[in-house]
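*Asks:* Chain by chain, the residues:
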Amino acid sequence: MNKKKINIIALGVAGLMMVGCSESFLETTSKTDLNSTSFYQNEVQAKYAVVGCYDGYQRTVSNGSWPTLFQAVETMSDDCLGGGGPDDRSDRLMDRFDRSYMPDQIDLFNGLWGDYYKGIYRCNELIGSIDKISWSSDDTRNTIEGEARAIRALEYFDLVRMFERVPLLTAASTDVVPQSEPDAIYEQIVADLKFAADNMPADQYKDKSANLGRITKYAAAAMLARVYLFYDGVYNNNAGGTMPGGLTKAQALQYCEDVISSQNYSLEQEFKNLWPAACTEASTKEEGRKTTYVEASNEIVWVVKFNNDQNWNNDNINGNRFVINLGLRNVTSYAPYGNGWGACPVTPYANSLFRSGDSRSTATVINCTDIGAYKEQITTDCMDYTGLVNKKYCPLIFTDGTSMPAAETTVDGGNMQTNQDQNWILIRYADVLLMAAELGSSNAQQYFNQVRDRAFGAGVNNIGAAPTREQIWQERRLEFMGEGIRYFDLRRQGMDAFVAAQMGQANANGIAGGNPITIYNNKVATTISDTYVENNIRAKRGFFQIPYSQITLSGNIYTQNAGWE
Amino acid sequence: MSKKSLKLIVLVVTLLTMQAMGMGAALSAKAISGTVVSSTDNEPLIGATVQVEGAQGGTITDFEGNFKIEANEGQTLVVSYIGYITKKVKVAGASVLNIVLDEDKASLDEVVVIGYGVQKKKLVTGATVQLKGEDVAKLNTNNALQAMQGQTPGVNIISESGQPGSGMKVIIRGQGSNISNSPLYIIDGIPGSIDNINPSDIQSIDVLKDAASAAIYGAQAANGVVLVTTRGGKEGRAQVTFDAYIGWERAARKIDMLDANQYMALMDEQARNSGSDSYKWSDYASIYNQQTGQLNNTNWIGEMFKDNAVTQSYTLGVNGGSSVSTYAVSLGYYSQEGIVGGSQASNYDRYNFRVNMEQKLFDDLLKVGENVSFAYNKTKGIGTGNMYNNALRGAYGTSPLQAIWLAEQPERADLNNGYAYSVATDWYQYDGNPVSGLYRSRNLSDNQNWVANVYAELQPIKNLKIKTQLGFNHNSSSYRAYTPAYTVTTNSKQDVPTVSQNMYKGWTLTWTNTATYDWNIKDHAFNAMIGMEAERFQGDNMAGNNTLLDIFNSWDTAYLNNAVNLNTGELKGYPSNDYRRVSYFGRIGWNYQDKYMLNATLRCDGSSRFADGHRYGWFPSVSAGWVITEEKFMKTTKSWLDFFKIRASWGQVGNNSIGDYLYAAPVTLIGAGYNFGTGKGSELNTVGAYANRLGNDELKWETSEQTDLGFDARFIGGRLNVNFDWYYKKTKDWIVQAPVIATAGADAPYINGGDVTNKGIEIGLSWRDNIGKDFSYSVGANMAYNKNEVGKIPTVDGIIHGSTNIMFNNQTEFYRCENGHAMGYFWGYRTDGLFQNQQEIDNWIAAGNGVLTGTAPGDVRIVDINNDGQINDADKVDLGNGIPKYNFGFNLSLNYKNFDFSTVWSGAAGFKVANGGYRNWGNGDQGNYTTYFLQRWTGEGTSNEVPRLVNGDISWTNFSDLYLQKGDYLRIANITLGYDFSKLIAQKWLSQARLYFQIQNLYTFTHYNGMDPEVGFGQDAWMSGIDTGSYPHARTFLVGVNLKF
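Residue numbers (my numbering), protein chains in the order written: chain A, 1 to 565; chain B, 566 to 1610.
The shape of chain A in the complex, shown without the other chains:
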């Protein structure tokens, strides 16, 4: 090869190599996502992040993981049976605490478990960054930190009540963290809630029309009382001692008294106006809703908000996804009561507890006989059918069968399953009054009678002395039936009471060995009280199954709860 040729080749090679040598050619970045290393740096980002924390808790319902905490604890309570369709065996699995209904379902709560830890992660990321941010004021910092810590506390409180021994992470980690004993978890819950109740400004988020859904120091205070009572009942035999985190009974009471004396809250005048299905008339789509519903009632202390902007495809994960499970199974002829999947049928015994004149009765239960619907064939594929339906969280429809929130949504593809927007009330003022009474307030009698006055009319059925614990528990059952509260209230009455109530729920008198009620499965009349087996219920102690996937992922460091192996 001569020199000329070599030169030409060299030129060609150089030409090739010159092209695209620059490393920056490969340097591209996402135009739609931020990066976590550059986030959580300033106050604006912190405000975004705390909204993300609220969204994290909301997703335990809106994400579509089934079951939600609400539906699980309603199903597992003695107020409701399983229900649903023939193939919704998990409904019966939960109601009877019996795995044989669906033996290959070993991850029933995996979605819910994951949703909770995602929520906790968001809180941990923000709380861990609080000190790095330069704040415009202490109040802003305390508000945001208080909200994030209260949400984290609620998430751990839900987890510890459902699963008891759960991993406790207060900073983000990908390591396998072994399950903690419940006391350690309660200690953290109390610390977080105390921070919020003690440090958040008193007037923060006072205006409900703009801030409904925001956590206030009083919401945290009320939650502390609920935490105390649950711990005291389940772990301390209701002895009234100091609980982990150093929360005493007197402190718990004082937190309730603070809520009451703040005068920020009052009972809604008419009980039914708290519940859309109880205060909405049948109407056509053109007429719109005819309702006396008060969304931002003064009675609301802590509420989880939902929105009607979710469809199957968009990213607005904001819908209340448990409501649809409770609706009348597949019938749309009884507006305003909407169609759904027929889960959590109310037991005849629970419904029979309402005395005549109790305005809560018709606001709590839809008696299908009353609306002319009760036939065993109201639908053909309904299980555990009792003809009694939860009214507090019943979906709503217009007279043509259209779901109200689906008709009202401005989002394309609206549908009755994803668009449900009823808020989930966690703590009402009535609860604060009854908790204060139970914690031994000197005003116990007056607090108790306030609740009675609203239910029956002023002065009707008042009590003349401080209420007993049993009276308060019974009153709570009626006041909060169908709100996801009964199951935990029952648990804190002791294991024997819990088992007895479970065993008796399918009997007319509510006690084991009573007269079995008739229910309908696929239109076939039958009794089911013998499907409740004491061993199944007692062994599990009221706690849920740890998802097997998580046990596997932990390399068997997690251990399963008793009765669920």
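Worth double-checking, as some hints may not be accurate.
[Claimed, not checked] Calculated lysine-lysine pairs in the DSS-like style (CA-CA distance at most 27 Å, straight line):
1. Lys208(A) with Lys47(A)
2. Lys1137(B) with Lys47(A)
3. Lys1450(B) with Lys1324(B)
4. Lys1070(B) with Lys31(A)
5. Lys871(B) with Lys943(B)
6. Lys652(B) with Lys1338(B)
7. Lys799(B) with Lys1030(B)
8. Lys1160(B) with Lys1197(B)
9. Lys31(A) with Lys1137(B)
10. Lys595(B) with Lys633(B)
11. Lys523(A) with Lys845(B)
12. Lys633(B) with Lys1553(B)
Calculated directly from the structure, the hints in this document are not laboratory data.
Start from chain A and add chain B according to the hints.
*Replies:* Below, chain B without anything else, positioned relative to chain A:
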């Protein structure tokens, strides 16, 4: 086509031809004339090139094979014609030369396309397979891939569904990846889509199967490479081709459902088995015709299908050129109506236009060429996926007792709107009128693809070629959908009409530069190539939807601007991520007397999909060949063994077919909002944000390593050809989003880990001969075997879990990837017939076995694998998988005088298909059954296969081998009979006038009882063989013509 557009084409063609005619003139003394004829049949060759050696220009023969040229005495004429051996003739005394050309039969000199170049077939050391363009075109498939079925051993091609325009699943040598198993398609040197190509435009398809062949494409080549070369122009007279066909399609096999009487009888039996009484049918008013009082009896399957759906194709081509310039132009139109619902529900139209040109400049110093193609396709489609997204699904579940039409509107006048159709009966609330579902929603996707590809090749010195190629691939698409308000059942309804529109535009720019040099040192021939390539992709998307169309409430006027719901709707605009790649590569080859050969390649790829520091990957390969028949000691076998080459190769290739920025830990604002305060509506959401995924900066390439051993042999004068390959492919460092423990709190990061091995063999045999002068024939058979086994999935349980709720409501996981098993195996219970009586159940339990709660005689007997008295996950086993272990094909072609006959058969074996009678076993008790269930268990001894019918069934709601059938099949894919009239007409200007009849998908031999055993659907990318009863394949009868002028 309008007259105007025809004129335009003629103009374009004329212009191109004129350009090609611009040939230089040579100065010379003597005029020479003559004819060029073929030695085979003594027929004149039209368009043969005649040149004076060493001089510019030349001429081509006319219609009679005549030429005239001027040359000096002593000069040499070079006469060439495609497919014939070039002949050199010295100009001596005579001024009339009659030249006879011999056909080039030596297939050994065929070239195959390899990465960034071509190679003589006899020198190939890797495992490649070639399919000729004419073999693709004659099968008349809408997509070239479909024509490859059964013809390319080792390339498993499964159609995803029978819907017009739907894709094909192509798996080369077994599934190697959990992220993508699709090969890389290179069209004329740049990456592109084979779907957009008119099969008639294809010159050849070369598949690079082993890693050594593919490694020159490095990080994109882990799943093999398919190289498509489109037809270029040929020197010689312009040739015009016109190919057209029209065909009629219908479903090859429909599934039979119960009629009304059978259905009612089985429903009654089911009710009695569930403890109820038989139904009082007279209570359900709406199951009777309102006017006649007759029981409704709708055959929903029959109503869904359309017979004689039309498919048609027209391709007009012109090609030709001179010694310095060639061109090929083609224009095509293809359309296919769907057999489900006809053209309104599913339809595919495609328009193709292509110009390939090449010019030689400066005494062949520089070659400049361009390939420009345009594809425009319009697709309408219906859902073909899982139970929630399958338009045919409703037809299986809906009872025959529902009428299609409301009594007062019996005409099919209003197919556009749902209101004329019936709604659910009072008998069954889930009845959803699937026919209205088919026509209710309308959608159209409209895609345009421009590919412009220009190159220049400089040859500054002999055997050194420097080539630069710039490829621009532009895609734009729009999608519009409209759904009117409708009510079908309480749960299936929509209150307001909706419209959505999407638009997308994106482009890929590829710049390739290569230099090749060939040289010899004595008997040693060397070639070397080095190159680089840069690729860049980016795009933009806009999407919007809105409701309330008011006065514009129809498909034709369904546009976002016409939606009057002013304060709402969604409007989105977002980028397609910017993707970049830079590659450097080289190859060196050595060949000693065509006896020993060695090739080695090395490629370095850099990708923007990985974090700095992990962007580059190196992919080497080496391959060698030994032609034993060139050895002296093989002389004795020469009489029967013409050629025998042993090949061996090894190489590594990569895969980065993942999303962008997967290494990063993103913070998202999407969906993080929260609606504080009172009121509802998306406008009230306060913006939020959260970190949604854990990052992993260490993320790197997936790598596939493969060893191949094989031989190519020809026997008995080239009549018998045998190819054999054995391979061992191991793919490692999968890119997996391995589940992390939930307490990590965010979506799992992507990590590398996991591997899979594919081992297999491929055999191809062909025999080609003549009997007498008039009869020639060829027979081919091929077979491929592949075994797939997963190892080392980097999750705690060593499993990648499959999706749930695919075949029925509440279905739990039933397929997975797991260490030690084939990818995507079916995971469920093994069964052992049915319990015939209570005694059997009692004995079974007494023997320590478990049963499901509620088991009664007539239910399935599930094998308690661990004999622990319980039926649970521990009893679930590997029940087989949906990817065929064996693929095979046969083809036969016969030519007798002007007749031609050919047939292609293809088949697969060694796989399972899951099919639960196309029924929703969860919450679908009143759904219809297929006639298979007429053989159900009705008492002791009646059946040991089909369980009893009962509400809330347990036999079918627990996934078991009850669902699985062998999918083995052999399909008569194509039969063609043609006759060429050109000899009869005997006009010089007409070289072919062939008329043919063809049947596609004539018959499938199989024991599978579903619609079609070729089931590509699998929900996850690595899964196949889940038959939810989606769009079946059509049988097509067609007639066509091929004209050549």
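*Asks:* Would you mind marking each hint as holding or not holding in the structure?
*Replies:* Right, here's what the structure says about each hint:
Annotation: proposed proximity of lysine 208(A) to lysine 47(A) holds, straight-line Cα distance about 19 Å (limit 27 Å). Only pairs whose Cα atoms come within 27 Å are accepted, and lysine 1137(B) paired with lysine 47(A) is accepted, the gap being roughly 24 Å. Under the criterion of a C-alpha separation no larger than 27 Å, the hint pairing lysine 1450(B) with lysine 1324(B) is consistent with the structure, at around 10 Å. In summary, the hint linking lysine 1070(B) to lysine 31(A) is supported, as the alpha carbons are separated by about 17 Å, within the 27 Å threshold.
Between the alpha carbons of lysine 871(B) and lysine 943(B) the distance comes to roughly 20 Å, so the proposed pair stays at or under 27 Å and holds. In summary, the hint linking lysine 652(B) to lysine 1338(B) is supported, as the alpha carbons are separated by about 25 Å, within the 27 Å threshold. Between the alpha carbons of lysine 799(B) and lysine 1030(B) the distance comes to roughly 22 Å, so the proposed pair stays at or under 27 Å and holds. In summary, the hint linking lysine 1160(B) to lysine 1197(B) is supported, as the alpha carbons are separated by about 11 Å, within the 27 Å threshold.
This hinted pair checks out: lysine 31(A) and lysine 1137(B) have alpha carbons roughly 14 Å apart, not beyond 27 Å. Distance restraint check for lysine 595(B) and lysine 633(B): the Cα-Cα separation of roughly 10 Å lies within the 27 Å cut-off, and the hinted pair is therefore satisfied. Restraint check for lysine 523(A) and lysine 845(B): satisfied, since their Cα atoms lie roughly 13 Å apart, inside the 27 Å limit. Restraint check for lysine 633(B) and lysine 1553(B): satisfied, since their Cα atoms lie roughly 19 Å apart, inside the 27 Å limit.
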